[in-house]
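S.K.: Below, each chain spelled out in residue letters.
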Amino acid sequence: MPLVVGLAVAIALVLPGAAMAVDATPKPIPGGIQIPGGPLIHVFAPGPEDQGFMGENVEPNTITDFNGFSAMAYIVGTATDADGNTYNMVNDMRVYRGTYVSEDGSILHGTFGFI
Amino acid sequence: MDLFDPSSGEQVHDFNADIADNGLFWTIQIPDSALTVSKNLKTASLHLENVQIIDSFTFLGEHSVPATVSFDITWVGSGARHHYKPGSSDPTDPTNFNGKFRNAVATGSFSGSNADGFSFTSDPGASSAGVFAEIGIEKNGSFIS
Numbered sequence: 001m002p003l004v005v006g007l008a009v010a011i012a013l014v015l016p017g018a019a020m021a022v023d024a025t026p027k028p029i030p031g032g033i034q035i036p037g038g039p040l041i042h043v044f045a046p047g048p049e050d051q052g053f054m055g056e057n058v059e060p061n062t063i064t065d066f067n068g069f070s071a072m073a074y075i076v077g078t079a080t081d082a083d084g085n086t087y088n089m090v091n092d093m094r095v096y097r098g099t100y101v102s103e104d105g106s107i108l109h110g111t112f113g114f115i
Numbered sequence: 116m117d118l119f120d121p122s123s124g125e126q127v128h129d130f131n132a133d134i135a136d137n138g139l140f141w142t143i144q145i146p147d148s149a150l151t152v153s154k155n156l157k158t159a160s161l162h163l164e165n166v167q168i169i170d171s172f173t174f175l176g177e178h179s180v181p182a183t184v185s186f187d188i189t190w191v192g193s194g195a196r197h198h199y200k201p202g203s204s205d206p207t208d209p210t211n212f213n214g215k216f217r218n219a220v221a222t223g224s225f226s227g228s229n230a231d232g233f234s235f236t237s238d239p240g241a242s243s244a245g246v247f248a249e250i251g252i253e254k255n256g257s258f259i260s
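Line by line, the protein sequences are chains U and X.
The first sequence begins at 1 in this note's numbering and counts up one residue at a time.
The second sequence begins at 116 in this note's numbering and counts up one residue at a time.
The hints are simulated quantities; they were obtained by calculation from the structure and are not laboratory data.
Only a predicted model underlies this, so the values are computations on that prediction, with no experimental measurement involved.
Virtual Cβ for every residue (Gly too), placed ideally from N, Cα, C.
Any given hint could be a false lead.
Unchecked claim - Covered by chain U, per the in silico footprint, the following chain X stretches (three or more residues, Cβ under 8 Å):
hint	stretch
1	130-136
2	156-166
3	220-228
4	234-243
What the hints assert, rightly or not - FRET-style restraints, in silico, Cβ to Cβ:
hint	chain 1	residue 1	chain 2	residue 2	range
5	X	L175	U	D23	17 to 27 Å
6	X	P239	U	V22	37 to 47 Å
7	U	I107	X	D136	15 to 25 Å
8	U	I35	X	S148	19 to 29 Å
9	X	G240	U	E56	17 to 27 Å
All chains should be built: construct the whole structure from the sequences, respecting the hints.
M.R.: Okay, structure coming up:
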């Protein structure tokens with residue numbers, strides 16, 4: 001057995017947890033918005049239908065297998081760059097905190113920002 | 116965070132957290148300390164500094180550059196809580212979640228810069244008033260099955 005492989009096996013035997021990295025990545029919601037001619041993006045747009053959104057009874061989360069706090073906002077205003085130019089600003093901002101099932105099936109807790 | 120040219124209406128910057136390899140959309144883990152939520156779930160504040168994201172210039176733009184953003188957002192909920200129950204058992208349905216939310220007004224201040232040297236700061240008064248915001252709790256996926 002080559003030395004490097006032997007060392008790796010020895011470390012794995014002594015520290016089994018060290019050899020098994022947890023994939024803490026949350027899983028996306030299975031649904032989403034199909035962009036015409038483009039991808040399915042795993043997000044919905046809750047909000048009043050008379051403003052062009054999908055309705056208020058619509059999933060605001062981008063993470064599936066989730067249980068916890070959730071908040072979202074469409075924040076509008078103006079912004080100015082370093083040269084003094086002004087812009088109209090529209091920010092879809094969301095935040096989630098709770099328990100979720102990660103990609104490898106682990107049940108974890110975390111806080112996430114949608115930017 | 117989207118910036119539009121006020122003359123043409125065209126989008127010129129799209130600061131976002133990118134799409135993960137597994138499809139997770141514009142969502143990244145942040146420190147627990149960044150978010151404060153009141154016990155009655157009526158208010159929340161989010162403070163983040165120098166978050167490493169990208170500027171894709173347009174929505175789903177193919178060209179992007181590294182960027183950083185900082186922002187403060189405060190949600191203030193009001194009124195009765197709406198209880199949203201799953202409207203479908205189809206996991207892809209937009210109503211396939213169980214939530215209790217109050218409508219809210221969110222205000223915030225934002226700044227950012229990209230690797231091209233562009234930087235911006237929001238002007239005072241940025242708000243969700245007249246658009247939409249909500250705050251609450253929810254569960255989805257395996258937590259409702």
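S.K.: Quick check on a hinted range of 17 to 27 Å for L175 of chain X and D23 of chain U, using CB atoms only.
M.R.: Once the Cβ atoms are compared, 25 Å apart, the range 17 to 27 Å for D23 of chain U and L175 of chain X holds.
S.K.: Just to be sure I understand the hint, the distance between the Cβ atoms of I107 of chain U and D136 of chain X should be within 15 to 25 Å; is that true here?
M.R.: With a Cβ separation near 22 Å, I107 of chain U and D136 of chain X satisfy 15 to 25 Å, so the hint holds.
S.K.: At least three residues with a C-beta closer than 8 Å to a C-beta of chain U: is that true for the stretch 156-166 of chain X?
M.R.: holds (count 5)
S.K.: Holds or violated: the 17 to 27 Å window for the beta-carbon distance between G240 of chain X and E56 of chain U?
M.R.: holds, 25 Å
S.K.: Count the residues of the stretch 130-136 of chain X whose CB lies closer than 8 Å to any CB of chain U, then report whether that count reaches three.
M.R.: That given contact holds, which follows from 5 residues of the stretch 130-136 of chain X lying within Cβ reach (below 8 Å) of chain U.
S.K.: Given as covered by chain U, does the stretch 234-243 of chain X meet the bar of three residues or more with CB within less than 8 Å?
M.R.: Per the Cβ count (9), the hint holds.
S.K.: Holds or violated: the stretch 220-228 of chain X covered by chain U, criterion of 3 or more residues with Cβ-Cβ distance under 8 Å?
M.R.: Coverage by chain U holds for the stretch 220-228 of chain X (4 residues, Cβ < 8 Å).
S.K.: Range hint 19 to 29 Å: satisfied by the CB atoms of I35 of chain U and S148 of chain X?
M.R.: violated, 35 Å
S.K.: So the hint says 37 to 47 Å: do the beta-carbon atoms of P239 of chain X and V22 of chain U match that?
M.R.: The hinted range 37 to 47 Å holds for P239 of chain X and V22 of chain U, with Cβ atoms some 43 Å apart.
Going down the numbered hints, you'll see the structure goes against just number 8.
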